[in-house]
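Chains as they are written, first to last, in the working numbering: chain A, 4 to 222; chain F, 974 to 1278.
Some hints here could point you the wrong way.
[As the list claims (entries may be wrong)] Derived lysine-lysine pairs resembling DSS-like cross-links, with alpha carbons at most 27 Å apart:
id	chain 1	residue 1	chain 2	residue 2
1	F	K1249	A	K32
2	A	K5	F	K995
3	A	K39	F	K1249
4	F	K1278	F	K1249
Rather than coming from a laboratory, the hints here were simulated on the basis of the structure. The structure displayed is predicted, hence computed values, not measured ones.
As a plain string of letters, each chain reads:
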Amino acid sequence: MKNWIQAFSVIDFISVGILLTAVSMNALKRLESCVKVYTLNSWLLASLIAIVSFMIGEAHLYVAAALTLTTKGVLLPVFLKRIVRQMKVTRDDEPYINNALSLTISGVLVAVVYVSLGEGIFVSGFSRNVLQISIAVIVIGLFTMITRRKAITQVIGLLFMENGLFLAGFSLTFGMPLIIELGVLFDMLMGVIILGIFVVQIKRSFLSTDLDKLTTLRG
Amino acid sequence: MEYLQFIVIIIFSPLIQGIIKKVKAAMQGRVGPGVFQPYYDLVRLLKKEMVISGVTSWVFRATPFIVFASTVAAAMIIPVITTRSPFSAMGDVIALIYIFALGRFFMALAGLDAGTAFGGEGSSREMAVAMLVEPMMMLSIFTAAIAAGSTNIAVIAEKQDIFYSPSHVLALSAFIVAVVAETGRIPVDNPDTHLELTMIHEGMLLEYSGRYLALMEWAHFMKQMLLFTLAVDIFFPLGIPAATGLPGLAASFGIYSLKMVLMAVLMAAIESSRAKLRFFQLPSLLGGAFVLALLSLLTYIMMGK
């Protein structure tokens, strides 16, 4: 089994898949597909953690994988989907930068990250590739937050950044202590729920989730 | 013997077209024309009288020959069933792409030459698509070229030993999109219709008839088969390398025809499962494929495989 994982470079495929899902977020207009891509990203992240823990034989990492799967792979997507349905907004039609261009820019961002990290200081087989990919995911998440107008897509960009950070931490330390991970996940869950409530409130008082409208004060 | 491998492309390219049409018909629940129908069409067109518009210049009359000859030249430098071809010294992949570009340039000129609205429309669209497809094709080929350390197609085919790595899969998927766009198949262009305002490739050929049309169609079939061959050479060269002597060539030809049929089935599957995109949505598709190719190159450079 371990030989198979190595022979078919499963870890490389999954980490590239994580990068691809983050990049493809820039091409999507329908909010539901954005949520779907985020779900896929989280599942890939969880499976990467599970496979690495299988490879190095650390039992506590399975718990981290399971936690990731339940919170980021199931709970958050279900919650996000409910918000999307509640808002009756299905598309983020006018991002600040159009989709084809923002795809290309995110490709360039990946190149910049790879070049600037270069060989890196953390040259140890597993972590080198995954660290670069995770930082690329963080940068792309940030880029998504900058280019999108709708509150929901910005939240998803934030979640992508969080996934990237999680992956970066994981690639450097093979998992933080369980209590910290639990805390981070709980924090994020609460954060997203609060953001979700905010989004609904914004929609109710401005009749739009377009964040540009927030520049006019109402008191 | 090895000199003559490009004959395979010339002879069998209409058959590939026929197979694609047959498989597509089967997938859509129709009987469809027989696999040899493109041959009958070509023969019929070759027998027919030509009608040439009086306002056309020499460009219109020279184009079918230039397009056909450039496609045959491209067929000569590509390794079809063996990499040990005397012509393969010239088989540079960048040269190949520009030989295709020469044919396309004259085809676009001929489309403009007759002065019809459809011709000009087809030409401008073809050039717009080409502008997006060429860099993407280059990038996805460069991933394989860097791995082999050469842009010579024969060397790439001989040295290619990684069949299963992320960069390879990404480059292959980008290349498939490039092939779909270059052969004018469904998400990009509809090959079956002359009636819609959406046509790209057919728009340029609208003024041609008789022998010239046969040459243009045949060149298009050949280009399609060449692109399939290029995909196979670069990404799945299993079975091609260094096959010499009659038994070796025969075995290689068997494997090659199997791969071609698989490519034809893949194209038919893509065509049957996708809807045609609006022209202004194409930059999204092709831009996405461009990013795939870029990521494949970056991944190769980062991971080293």
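Results for each hint:
no.: 1; hint: F:K1249 x A:K32; verdict: holds, 19 Å
no.: 2; hint: A:K5 x F:K995; verdict: violated, 44 Å
no.: 3; hint: A:K39 x F:K1249; verdict: holds, 24 Å
no.: 4; hint: F:K1278 x F:K1249; verdict: violated, 35 Å
Hint check: violations occur at hints 2 and 4; the rest are consistent with the structure.
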